[in-house]
Structure formats: structure tokens, C-alpha cells
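Visitor: Sequence:
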Amino acid sequence: MARRETVNVLGVDYELQSVTPQWYFETNDKCGMTGGTRDTARYMDIMFKNVVISPPAVAAKGLKAFEEAEDIETPELLIREIERFLRPGKKSGSGESKGGTK
Numbered sequence: 001m002a003r004r005e006t007v008n009v010l011g012v013d014y015e016l017q018s019v020t021p022q023w024y025f026e027t028n029d030k031c032g033m034t035g036g037t038r039d040t041a042r043y044m045d046i047m048f049k050n051v052v053i054s055p056p057a058v059a060a061k062g063l064k065a066f067e068e069a070e071d072i073e074t075p076e077l078l079i080r081e082i083e084r085f086l087r088p089g090k091k092s093g094s095g096e097s098k099g100g101t102k
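Read in the numbering used here, the sequence shown has 28 at position 28, and its numbers run on one by one without any break.
Keep in mind that the hints were calculated from the coordinates and are not lab data.
One or more of the hints may lead you astray.
Claimed, not checked - With a cut-off of at most 27 Å between alpha-carbon atoms, the simulated DSSO-like pairs for lysine-lysine come out as follows:
| hint | residue 1 | residue 2 |
| --- | --- | --- |
| 1 | Lys30 | Lys64 |
| 2 | Lys61 | Lys49 |
| 3 | Lys49 | Lys30 |
Note that the structure is predicted; figures quoted are calculated from it, not measured.
Could you build the full structure based on these sequences and the hints that come with them?
Guide: Written out as C-alpha cells, the structure is:
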């Protein structure tokens, strides 16, 4: 069963759902996030469409949901929250994890 969490980014609530590790790593590879030429916009778009459940506009439009307002800050902060959510309990650089699950 997919984990879910609601995060708040600049006053807007975003409901997130987890993805499988295989899907996550394949998406990273396809977008060059693990080496090669990075396609950050494509990566963010795919993550928004597959991890964000709500608001519906972000879930459906992905990165384009922020285009009209020429908003760069919100998607940057949102992708950080998504990455944090997908790695629950991971402490940066320590190799340790918190016990238990959410």
C-alpha cells in the first residue's frame, strides 16, 4: 500500500503518495539524475504527475501547473519535499535510518 503524507509549501497543501523503488530509480536514470546530462524539468514534471495527488492541477499538469505564474520557487521547494518524503528516516550522509515506519 502506498504511503501518503501532506506537506505544506508556501501556504499550499500537497498530498503525496509513495512510488516503488524500481520506478523511482528508473525515473532518475531516464532523466540523467544519476549521471550524464540532467533533464531537471522532465524529472520534476514526472515526479509531480506521479507523486502529487493533490492539488489536482499539479497532479495532472505537473511542472506546467507553475508555468502561468512563472513560479520557480514553489516547484523547487516541492521537489525537495518529495525527495524527503520518498526517503523516510534517512539521515543525510550518515547511512543510518530511524526505526519504524509511518
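Visitor: Each hint: holds or not?
Guide: Each hint tested on the structure:
Annotation: proposed proximity of lysine 30 to lysine 64 holds, straight-line Cα distance about 20 Å (limit 27 Å). A C-alpha spacing of about 7 Å is found between lysine 61 and lysine 49, which places the hinted pair at or below 27 Å, so the restraint holds. About 16 Å separates the Cα atoms of lysine 49 and lysine 30, which keeps this hinted pair within 27 Å; it holds.
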